[in-house]
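Asker: Could you put together the complete structure from these sequences and hints?
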Amino acid sequence: MEPVNNKSMIAFLFNQMEKLDSGQISVEKAKEQSNLAKQVNSAMKYELDRARVKMELTKHNAIYKDGLDLREIESKNY
Amino acid sequence: MCFEDIEQHKLILEKGKELLKVAFDSDKHLISEIVNKSKNIIDNYNTEKLTVADVTKWEKGTFKGVTKTILKPYFFKDYLVRYEKKCFDAGYIENLHNSDLICDNCKEIRVCESEYGKHNISFIKEIEELCVNCKQKAIITYDLYEKLNNEYDEVDRVFKESIENTDFSIELMNKYILLNRKKNDVNYDLEKAIRDNLRLQIIKEYQEQNQNLINKYN
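Those protein sequence lines, which keep their order, are chains D and R. When we follow this note's numbering, the leftmost residue of the first sequence carries the number 1, and every step to the right adds one. When we follow this note's numbering, the leftmost residue of the second sequence carries the number 79, and every step to the right adds one.
The hints are simulated quantities; they were obtained by calculation from the structure and are not laboratory data. Each hint should be verified, as a subset may be incorrect.
To be verified - Residues from chain R that keep clear of chain D, each with C-beta distances beyond 12 Å, as calculated: (1) Leu158; (2) Arg235; (3) Ala271.
To be verified - Quick list of the computed label-pair ranges, beta carbon to beta carbon: (4) R:Leu98 with D:Glu74: 54 to 64 Å; (5) D:Glu32 with R:Glu224: 50 to 60 Å; (6) D:Ala11 with R:Gln287: 20 to 30 Å; (7) D:Gln39 with R:Lys138: 24 to 34 Å.
Unchecked claim - A short, non-exhaustive set of chain D residues, derived as facing chain R with CB atoms under 7 Å: (8) Ile25; (9) Ala30; (10) Lys31.
The structure displayed is predicted, hence computed values, not measured ones. All residues carry an ideal CB built from backbone N, CA and C; glycine is no exception.
Answerer: Rendered as structure tokens:
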């Protein structure tokens, strides 16, 4: 499987739009691919929310002299 | 096709459109052909490079508007909910006459007519006509409400300013505009997936550049 980043995914989706318009792929296939893209979007949303929580934690720790940390639930040691 | 060629085609497109306005009818066909040729080349370049070489002012403005629509609920929703709660606790001025803050003597019943018949609606009297207690309560409510309103306006102003000062990447803007140009009913799901992704990228770029502001209002 090829590594995918955001840029390549968008390029792929735009390509699919072209193919759909020209009739090279069916509407059903395009729908399935857009569903997969939605999953990737969810992962990106997770990253954004995580970054936001970390920002809020930094603020909280500075105000209350606390040491709260967001656990790395996906690290190998977990 | 290199970027310089595209610039030249843009120029041909621009001048061609101007020329079409003043050209003789017999020449219009020839000019249209040249303009269409350049237009097709630009369109192909846009599709191939996933960009928009000929962004219009209107499209740029639309993108700015979209960023505001996306970012405000995402970053300031919590603040807005808190603001609404504060207003509710303080007692909306519009609902003051319905609340227990004002005694019955200071309320005025007026008969209003509508297409459904006559109704009795209670209004609050002018502030000078209220009794001492009610006047004091009303003044406190008005002041609090005004203070909250000013706070809200201030957040709104700072937020709009921060968007104006955020440098969203040109690549991102071009992709958004390209998507708007390409949208049709057939590729709705694909379009929605791309739109969601671009939305998240807009949020990401804003978040990266305005961390302090977001922290302040959360």
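Asker: Name the hints, by number, that the structure is in violation of.
Answerer: Of the numbered hints, 3 and 8 do not hold.
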